[in-house]
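2 protein chains.
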Amino acid sequence: MTRILYSLCGADGRTHYSPHVWKVIMALGLKGLDFELRPVTFKQISGIEDGSFTSVPVLNDNGHLECDSFRIAVHLDESYPEKAALFSCPAARASARFAECFCQSVLHPPLSVVTVLGMHSIMGPECQVHFRSVREKRFGKTLEEIAAGRDVEFVSFREKLEPLRSYLAIHPWFGGEEPQFSDCILFGTFQWAHVTVKATLFSEDDPVADWFGRCRDLCGELAGISVAA
Amino acid sequence: MTRILYSLCGADGRTHYSPHVWKVIMALGLKGLDFELRPVTFKQISGIEDGSFTSVPVLNDNGHLECDSFRIAVHLDESYPEKAALFSCPAARASARFAECFCQSVLHPPLSVVTVLGMHSIMGPECQVHFRSVREKRFGKTLEEIAAGRDVEFVSFREKLEPLRSYLAIHPWFGGEEPQFSDCILFGTFQWAHVTVKATLFSEDDPVADWFGRCRDLCGELAGISVAA
Chain H
1 MTRILYSLCG ADGRTHYSPH VWKVIMALGL KGLDFELRPV TFKQISGIED
51 GSFTSVPVLN DNGHLECDSF RIAVHLDESY PEKAALFSCP AARASARFAE
101 CFCQSVLHPP LSVVTVLGMH SIMGPECQVH FRSVREKRFG KTLEEIAAGR
151 DVEFVSFREK LEPLRSYLAI HPWFGGEEPQ FSDCILFGTF QWAHVTVKAT
201 LFSEDDPVAD WFGRCRDLCG ELAGISVAA
Chain S
1 MTRILYSLCG ADGRTHYSPH VWKVIMALGL KGLDFELRPV TFKQISGIED
51 GSFTSVPVLN DNGHLECDSF RIAVHLDESY PEKAALFSCP AARASARFAE
101 CFCQSVLHPP LSVVTVLGMH SIMGPECQVH FRSVREKRFG KTLEEIAAGR
151 DVEFVSFREK LEPLRSYLAI HPWFGGEEPQ FSDCILFGTF QWAHVTVKAT
201 LFSEDDPVAD WFGRCRDLCG ELAGISVAA
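Going line by line, the protein sequences match chains H and S. Going by our numbering, 93 is the number at position 93 of the first sequence; the sequence numbering is gapless. Going by our numbering, 124 is the number at position 124 of the second sequence; the sequence numbering is gapless.
Heads up, none of these hints are tricks.
The list makes no distinction among identical chains, and a pair is therefore deemed to hold if it is satisfied within one copy or across any two copies.
The calculated SDA-like cross-link candidates involving lysine to any residue, where the alpha carbons are at most 25 Å apart (straight line), are: (1) Lys137 to Glu126; (2) Lys137 to Ser166; (3) Lys160 to Pro207; (4) Lys160 to Ile146.
Derived from the structure by calculation, the hints contain no laboratory data. Bear in mind that the values here come from a model prediction, so they are computed numbers and not experimental data.
Let the hints inform the model, and build the full structure from the sequences given.
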């Protein structure tokens, strides 16, 4: 068995901060598949495997190369149908796409502000230059100016969790009675913020906090990797 | 066959405005099940069938009584498994709950403001008194004061459609390649606003508008009922 997952990582070599890589880490955990997590910097992405990749995650699954977290999840379900399902039917696969769209358009905008300085601080010098350049171009202001809005955006982030809170009063996982890839997608978003922000993401009595803890337990125990924060 | 769906209706006897009833109308349409839509006022709800109900929708399906839109959907799938599935697996059922939570906590708050005067205007005098009392108590201000915020809330409503827009670039229905109950839930919310608000809900090029039109077509053709707006 050789299964290698390439992951953006802080200068300490163990703080993995890509939300999309975390989706795959949890998915591999759910399916009970071992893997080696291999850290890369932005610059090293173009050198992964056959050199055809421009982003992570990239998975080398016994010689089969796959990139993009959703494509990797589909590959894992097709390749290991005897393991726990990430998508139990086509409609469940579609609903995972809705979870992805919800994360990208509702949660990522405030978290991009909340995490911006924390992400920068854990990177090595080379990644810092690249990250600063990309973010400052996207926002049209300096990292420090972006970060000035973080308290407001943190309040906005917590408000936007309301549909998750009311949902978790009905089912324990976004996949229903068992976690599926929709859980991995949401988890990836929160785990990205969790490892890069010093503040506690959720209030103590927030049902999302309980669900998030259960997701992290799955990663820690099943995936067998050390989690930075 | 006797299948009767009880529905809150405007004074004209044909403007059905409950989002939860519309979920069931579309669900019956998807399953290709005929029914009679029977209008009731708020006061008449306590007189429906055996007198045990406090809200609509209520469905009398050949003598079997069921209330609550989600319970009705589950009943329809269990009773008519040979017809199109509203939930194609347990995870799809869970994802319909997430769509419900998204509607209730993200879309209903702005739409409650946007629709408030329109709802009031289509009701008969008895319903108007009840509706005004309930809404003014909930908001802590008069209907007219609530409605003063409608332009701001309408902008907010359109912003909140972003995850739906990005999703619809991937799949044609929220159930994936075919509509399921998650489509019915979202449709019910928009149809409630559509029949009570004079303004066009979506901008012309919004992919949500195209999907909404397809949902309405399903109700009109399959359910065989006249749609008010």
